[in-house]
Amino acid sequence: KQEVTQIPAALSVPEGENLVLNCSFTDSAIYNLQWFRQDPGKGLTSLLLIQSSQREQTSGRLNASLDKSSGRSTLYIAASQPGDSATYLCALRGSTLGRLYFGRGTQLTVWP
Amino acid sequence: NAGVTQTPKFRILKIGQSMTLQCAQDMNHNYMYWYRQDPGMGLKLIYYSVGAGITDKGEVPNGYNVSRSTTEDFPLRLELAAPSQTSVYFCASSAPTGGTYNEQFFGPGTRLTVL
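Taken in order, these protein sequences are the chains called P and C. To convert, take the position in the first sequence, counting from 1, and add 78; that gives my numbering. To convert, take the position in the second sequence, counting from 1, and add 16; that gives my numbering.
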């Protein structure tokens, strides 16, 4: 069974810092990996999707990498802003009909 | 496109009551999913469907039922609600492209409390 772990569970940084969120997984047989953002009391917003054949994806200040051999993905956020404060979830699409395996998330607070 | 819509947004049930959580998508996606999210936890799969008339159990199906009579709709039924079903419920959909399943799109969620 796929296990997904996100470290750290919580992170508090001052505005302007570059930061890295980590996601590790136990089964490298994945189709893709998706990073989501979740604001308090809200649904999930997809940030980046990396296919299993890709190494990284970029969108604005966000960059996500994937290393299947080591079972790791990182989400890099450049020049963090208070508006980036949210919970970030990592999810893997496994081999069974597209279901996602989620980590518990990293709760990020960026203070002015 | 409205994307994935869910109703209601909030609901309080008494133990033993039943209800149906509604989910609809207008993206013509074949695959639809129901997840639940407990506080401080990741999402867990309850049921999923790969097309109209086809459903299957996920990781935590006990206490729930689903149906898929159309491509657009995927309601989740709770029978005999229990406090353990207090959670936030998310519906999602996706479409396969070739041999690769692409990103899932999520609804805004239904926050359910069972007292």
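For the record, the hints were derived by calculation from the structure and aren't laboratory data. All C-beta atoms, glycine included, are put in the ideal place defined by N, C-alpha and C. Please note that the accuracy of each hint is not assured.
[Claimed, not checked] Below, simulated DSS-like cross-link-like pairs (lysine-lysine); rule was C-alpha separation at most 30 angstroms, straight line:
#1 C:K25 x P:K120
#2 P:K146 x P:K79
#3 C:K60 x C:K25
#4 P:K120 x C:K73
#5 C:K30 x C:K60
#6 C:K25 x P:K146
#7 C:K73 x C:K30
#8 C:K73 x P:K146
[Said to hold, decoys possible] Chain C stretches covered by chain P per the calculated footprint, using a threshold of three residues with CB under 8 angstroms from any CB of chain P:
#9 82-89
#10 92-99
Checked hints:
1. C:K25 x P:K120: Holds, because 10 angstroms separates the two Cα atoms, which is no more than 30 angstroms.
2. P:K146 x P:K79: OK: P:K146 and P:K79 at ~16 angstroms, within 30 angstroms.
3. C:K60 x C:K25: Status holds; Cα separation ~19 angstroms.
4. P:K120 x C:K73: This hinted pair holds, its Cα atoms lying about 25 angstroms apart.
5. C:K30 x C:K60: holds, 23 angstroms
6. C:K25 x P:K146: violated, 37 angstroms
7. C:K73 x C:K30: The given pair, whose Cα atoms are some 25 angstroms apart, holds under the 30 angstroms limit.
8. C:K73 x P:K146: holds, 28 angstroms
9. 82-89: violated (count 0)
10. 92-99: violated (count 0)
Figure legend: structure checked against the earlier numbered hints; hints not met, in rising order: 6, 9 and 10.
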